[in-house]
Every structure is written in structure tokens, then in C-alpha cells.
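I would like the entire structure built from these sequences, with the hints used as guidance.
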Amino acid sequence: GIGQGFCTVTPLQLVNATAILANGGTRFKLSLVDAIKKGEQIIQLEPRLANEQVAFSQKNWLAVMKAMRGVVKEGTAARAFAGANFTSAGKTGTAQLVSVGQDEEYEADNISEGNRDNAMYMGFAPFEKPTIAIVVVMENKGHGGAQAAPIARKVMESWFDFNAPTKVVTNE
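Residue 1 is where the sequence shown starts when you use this note's numbering, and the numbers rise one by one after that.
These are calculated hints, taken from the structure and not from any lab test.
Heads up, a few of these hints could be off.
[As the list claims (entries may be wrong)] Derived CB-CB ranges, DEER-like:
{"no.": "1", "residue 1": "138", "residue 2": "50", "range": "25 to 31 Å"}
{"no.": "2", "residue 1": "10", "residue 2": "48", "range": "43 to 49 Å"}
{"no.": "3", "residue 1": "86", "residue 2": "62", "range": "17 to 23 Å"}
{"no.": "4", "residue 1": "40", "residue 2": "61", "range": "43 to 49 Å"}
{"no.": "5", "residue 1": "161", "residue 2": "55", "range": "31 to 37 Å"}
{"no.": "6", "residue 1": "162", "residue 2": "82", "range": "32 to 38 Å"}
{"no.": "7", "residue 1": "155", "residue 2": "28", "range": "15 to 21 Å"}
For glycine and all other residues, C-beta sits at the position ideal for the given N, C-alpha and C.
Here it is, written out as C-alpha cells:
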């Protein structure tokens, strides 16, 4: 899990929370299946509502949305998302696996690879009307903005490329 002490979550729980934020409190039932192929027939599965709305104040929700958008525009994920052809919002994270002394500085080169910080990024896109939520966790890779956010951008770009409307070309 991800977290500290008694507060831990799985990446799936974290991406669900990210999607709830992106959807303004609407929660969908989690599913890892998009479609089922039965012979030649493909049955597309639609997202199902969980019949519950997560309650939070509009003021607080807007503050979180503004902050997450800021992370991508001018914050720790700005470099990773610079020049993207879609809008997004997110939060980078760096999870310490070991503590350093109060008067010591964290230096990755002095820590065994298996104990180095985990890089994380959670986000969604497009900002205005989200269709994808993502969490990237990279064990022992350092800072989320430098390591996990670029991977998230590539996944989002692939998502938008795959789901782009098909253009029909005619000879008219």
C-alpha cells in the first residue's frame, strides 16, 4: 500500500479517489474490464454508477481542483506536461521508505537502491471534462515530478490517441 502509519491505500483505491475528485464527487464502480469478446461479437461495457455521491463543499472542491491544475501548469509536474495537447491536473509525490536523521540530508547515492524514495503521480485529463484518471507509482525511483509524471503523460497521450475520433476520408 501507499501511505504512512494506519493510513494506507492501494494504487487502485488512490486512482478511484482521483476519479471521484475529477468527477466532482460522483463515484463509479471500479472495473478493470472495458469490453468482452464473445466469438466475433464485442460487448462494450459502460461505466456503472456506485449510486453514491461523495459529499464535499463546492468551495473545498474548487480549491483542490485549482491546486491540482497548478501542479501541472507551474508546479512540480509542469516540465513533464509542458506542450501537452490536452489539459490536465495532478499531484506529484515522493514517498520516503527510510528516515534520515534530523541533521542529515537525504542523498540517494548513500542509500541502498531498495530503500530509495518511491516516485508517484496521480492525475486526470482533460481538466474540463475528465475521461481518464491515473496513478503512477515507481518504486525506488526518486521524485514524482521527474520520474512518475512523464510516464503519466505518455499514458494519457496514448489514451487520447487511441480514443480519438476516426476521420472518414471520401473522394468527394
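Right, here's what the structure says about each hint:
no.	hint	in the structure
1	138 <-> 50: 25 to 31 Å	holds (29 Å)
2	10 <-> 48: 43 to 49 Å	violated (20 Å)
3	86 <-> 62: 17 to 23 Å	holds (21 Å)
4	40 <-> 61: 43 to 49 Å	holds (45 Å)
5	161 <-> 55: 31 to 37 Å	holds (36 Å)
6	162 <-> 82: 32 to 38 Å	violated (22 Å)
7	155 <-> 28: 15 to 21 Å	holds (19 Å)
Hint violations for this structure: numbers 2, 6, all remaining hints satisfied.
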